[in-house]
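Produce the complete structure using the sequences and hints provided.
There are 2 protein chains.
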Amino acid sequence: MKIAIAQLNFHIGNFEGNLQQMLRSVEEAKTKKADLICFSELSTCGYPPRDFLEFDDFIKLAEATVQKLADVAHGIAIVVGSPSRNPVPEGKDLYNSAFFLADGTIQHVQHKALLPTYDVFDEYRYFEPASEFQVVEYQGKRIALTVCEDIWNIGNENPLYTICPLDELQHQQPDFILNLSASPFSYIQANQRTQIVQANVKRYQIPMFYVNHVGAQTELIFDGGSLVASPSGEIFDELPYFEECLRVYDLDEVKKGGRQHLQTRNKMQLIHDGLLSGIRDYFNKLGFKKAILGLSGGIDSAVTAVLAARALGSENVHVLLMPSQFSSDHSVDDARKLAENMGLSYDIIPIKNIYDSFLDTLAPKFEGLPFNITEENLQARARGVLLMAFSNKFGNILLNTSNKSEMAVGYGTLYGDMCGGLSVIGDVYKSEVFELARYINKDGEVIPENTITKPPSAELRPNQKDSDSLPDYDILDEILFHYIEKREDPNDIIGMGYDEKLVHRILRLVNINEFKRYQTAPVLRVSPKAFGMGRRMPIVGKYLS
Amino acid sequence: MKIAIAQLNFHIGNFEGNLQQMLRSVEEAKTKKADLICFSELSTCGYPPRDFLEFDDFIKLAEATVQKLADVAHGIAIVVGSPSRNPVPEGKDLYNSAFFLADGTIQHVQHKALLPTYDVFDEYRYFEPASEFQVVEYQGKRIALTVCEDIWNIGNENPLYTICPLDELQHQQPDFILNLSASPFSYIQANQRTQIVQANVKRYQIPMFYVNHVGAQTELIFDGGSLVASPSGEIFDELPYFEECLRVYDLDEVKKGGRQHLQTRNKMQLIHDGLLSGIRDYFNKLGFKKAILGLSGGIDSAVTAVLAARALGSENVHVLLMPSQFSSDHSVDDARKLAENMGLSYDIIPIKNIYDSFLDTLAPKFEGLPFNITEENLQARARGVLLMAFSNKFGNILLNTSNKSEMAVGYGTLYGDMCGGLSVIGDVYKSEVFELARYINKDGEVIPENTITKPPSAELRPNQKDSDSLPDYDILDEILFHYIEKREDPNDIIGMGYDEKLVHRILRLVNINEFKRYQTAPVLRVSPKAFGMGRRMPIVGKYLS
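Same order as they appear, the protein sequences are chains R and P.
If you want the working numbering, it's the position in the first sequence, counting the first as 1, plus 143.
If you want the working numbering, it's the position in the second sequence, counting the first as 1, plus 143.
Hints are not guaranteed to be accurate.
Put simply, identical chains are the same to the list, so a pair is met inside one copy or across any two.
Straight-line alpha carbon distances no greater than 20 Å define the calculated EDC-like cross-link-like pairs of lysine to aspartate or glutamate that follow [what the hints assert, rightly or not]: (1) K644 to D194; (2) K685 to E300; (3) K659 to D194; (4) K175 to E621; (5) K659 to E519; (6) K203 to D632; (7) K672 to D199; (8) K345 to D380; (9) K685 to D617; (10) K536 to D503; (11) K145 to D380; (12) K284 to D393; (13) K629 to D194; (14) K145 to E233; (15) K433 to D611; (16) K629 to D200; (17) K176 to E396.
FYI, nobody ran anything at the bench for these hints, they're computed from the structure.
Quick look at the structure:
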């Protein structure tokens, strides 16, 4: 038997577009003599469809898409993920299902049993878990259909769940496993995915074909990296990251094994390529082409600009250099040099007159009061308004340039430098931004060396440095990592040797700045715990604050 | 037996504050000869604690709070809601539990079985559902403990669930039911709550004491309205809305019934009082006192200003009047009149110089391009920056004045009039804002009549009217209600007689403006379906758009 796996970039709610992509893949698979083609989880409607699932019309469109695929399932079997209706009134209205289509009809439907409801996942909000498991027979082979998380509870050792779908299916002696996934990217995901697939094939001693979604849906990036695993535990093949791909495998050869093909995994390369995918799909799927951002001469906007230019093409990225009286000479020079290195069009727009007009207008009300954060924020907001004016006038989407460290502690101006439709590096700590800059420069200077080596500064008052207000980024980022990614307690973090006062101060800053993050653009997720839908914190809470 | 119910305003994560409130209530209940006192759901940690629940330290603090309450449970039993740990590795780590404390110890723990995971609720993200049900005996009475949603599946007729906790507990012949709730307010909630409590007591023929949380936690308002119901189905008592209250009841008298006490429920009064509670607690719980907002002379900012002044005191609300060359004369007059009616301090700050400085600065880049939405947004953003400057300089929290209709269709400027820490009327449709203004004026003119009767206008270009871009608000709001609250399909809405093109245009506007709402302040929830955490839509989706 020849099995095709199609790692495609679907678009949420774009049923016609998704269908056309799948029809093309079915044709390609037929040309390549495949007996079966498998797509990823919820491929009819895209993943995650979120509350669109509450619209009956949306489900009808998904059902119609499945039917149209069934209509062409002649000479080839098609396995496709789609929501399906729960026929009984008890429980949630829908299942998250794998449809097996052959001979022009729906031959079998296997629902997902393990419904992730943590971090960015809300599946129990919509879906009823499967309680029945049945292999499907096709061309003399018995196939175990599983959907994403279903393979993540090996031998019931994942404490989140009390059922193991493959243990149930195993009794029916399947010949191989298909897994339809939509497993979001983080820089550790490819390793985790490989381990779980290997553990499964070793346990059940049959091949597995793991088909992942690729491309980005707003903040969630899907890296692809679909896997074919032999019963021995070898990874027979791994599909590329961040690009669509269709490949066909001979089941007997996969069964035989003796081949290991894994791509190298470099954290900065994964983050870099993941962010390009995230930017590209945000624009493509919203129907925009052009980006704008402010270039300060600092490292955050420099890295963001390079990523945007690589994702969208230099000709589609315009940058504004908006110096104030507090900007150092090197800021404009460094920014201009970057724009020239990348071939970006740019405008230099000093903000002095605008800033002065705000000060003049406010002078009668602010008389006698000292310069403080108000005036700093005024500069950041004047820049935000200018960027949005360009965005409105020329149709460029504004990219946000905040990093994860400053988003964590609230070191940014709401409606100022926190403006933008998409936060590109909001899940990248400042110390990782430096690494990313070095990675970008690995084959020659793209980001000016001075941008990387000079001390970070917001340049909103004379001689300001980030280190005036914040601890050293290496220490800050470590403490943030323990608190945000690891969800460790303050006392545990202090127990690791960090200064007690500093830990309390940082955790307090994180918690009291929830209100700022609430109003931030969606953040491209590259870590196991990003700000946004995967981290849900009270604003008026009084915990560690 | 005398039973006290304590409807209190807890603060998420403020364990010490919550404990002290409960200790005071225990003392008061003792003074009033109560044998038992019952608090609301998750009263140790406040509701909803959201991802704070993922911190071990947070759970420890909740456990310690329960223990401190157990220590004082002498001569009185205490029933308190708190998270508890799942002792086995399978399933989620926590339960959402009711603790029965007496004689200085924890006598019994009943976990919640029905975990709402829809709209604003994420309980399955954190909690394992109960599978065991046991009444607790105290002073010769058998008590059925239930937590919130547990009573919302009467006779298994709620299609969301497959278990009915009280059907299980009924076999053990309980004498009465305690229900610990944290049931968020909407203008239909008091009616729904009453119906469900009545249906329960009629089914089981025993009294019920339903204790609700009161006060607001960011966007979620809890209205209190705790209920005591007789087996006959009569509501023996209903506690007040939007205020703390402790009352003591004689079980035999409740059992006997013959008394019906329900408060009148007027939609506008409920919304009005709910919003005051929402504003007040946002400020109180964040430790702020003073608000600022822009007063345009229009109805949205007028209503918001009145609500803010009533919630915080007129002396704590400052307003800015920021006319431009497009403002009509009456705008400043109407705004000034409102400020004077309410005794609000105000400043008049024309934005002309700032607007001109933006235009001058941008002129070389925008040369030859016509006035468009860019220049309209510039005015709104200049105002946003001025308001934020006041906010930063004087420590006033900026209140957002957008209504639900304009938030729905994206008729607002991001980082302009969409600025603010809290959206006060973002869950109130424009047509309801008019009703609310009339309600506010019911005892005499507070909001100037002209503000209510003049045609709505953003005044961002000459002679602009909302009706230039939007359909009549009555029609718009009806269509929005069907789509947002009812989640009805476009064809169903068209089938009701609305113009087909108009329906498609409006639904498309709703969907393509998801990116704006993503960056909006938390919206005080007064309807059954508000923008924010209870409505989760893809940004890059391509559905009806």
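Do the hints match the structure? See the list:
{"no.": "1", "hint": "K644 to D194", "result": "neither (43 Å within a copy, 24 Å between copies)"}
{"no.": "2", "hint": "K685 to E300", "result": "neither (35 Å within a copy, 39 Å between copies)"}
{"no.": "3", "hint": "K659 to D194", "result": "between (25 Å within a copy, 17 Å between copies)"}
{"no.": "4", "hint": "K175 to E621", "result": "neither (50 Å within a copy, 53 Å between copies)"}
{"no.": "5", "hint": "K659 to E519", "result": "within (17 Å within a copy, 25 Å between copies)"}
{"no.": "6", "hint": "K203 to D632", "result": "between (47 Å within a copy, 11 Å between copies)"}
{"no.": "7", "hint": "K672 to D199", "result": "between (33 Å within a copy, 17 Å between copies)"}
{"no.": "8", "hint": "K345 to D380", "result": "within (16 Å within a copy, 63 Å between copies)"}
{"no.": "9", "hint": "K685 to D617", "result": "neither (27 Å within a copy, 41 Å between copies)"}
{"no.": "10", "hint": "K536 to D503", "result": "between (27 Å within a copy, 15 Å between copies)"}
{"no.": "11", "hint": "K145 to D380", "result": "within (15 Å within a copy, 71 Å between copies)"}
{"no.": "12", "hint": "K284 to D393", "result": "within (13 Å within a copy, 70 Å between copies)"}
{"no.": "13", "hint": "K629 to D194", "result": "between (29 Å within a copy, 13 Å between copies)"}
{"no.": "14", "hint": "K145 to E233", "result": "neither (40 Å within a copy, 39 Å between copies)"}
{"no.": "15", "hint": "K433 to D611", "result": "neither (36 Å within a copy, 29 Å between copies)"}
{"no.": "16", "hint": "K629 to D200", "result": "between (41 Å within a copy, 13 Å between copies)"}
{"no.": "17", "hint": "K176 to E396", "result": "within (15 Å within a copy, 80 Å between copies)"}
Comparing the model with each earlier hint shows violations of hints 1, 2, 4, 9, 14, 15; every other hint is respected.
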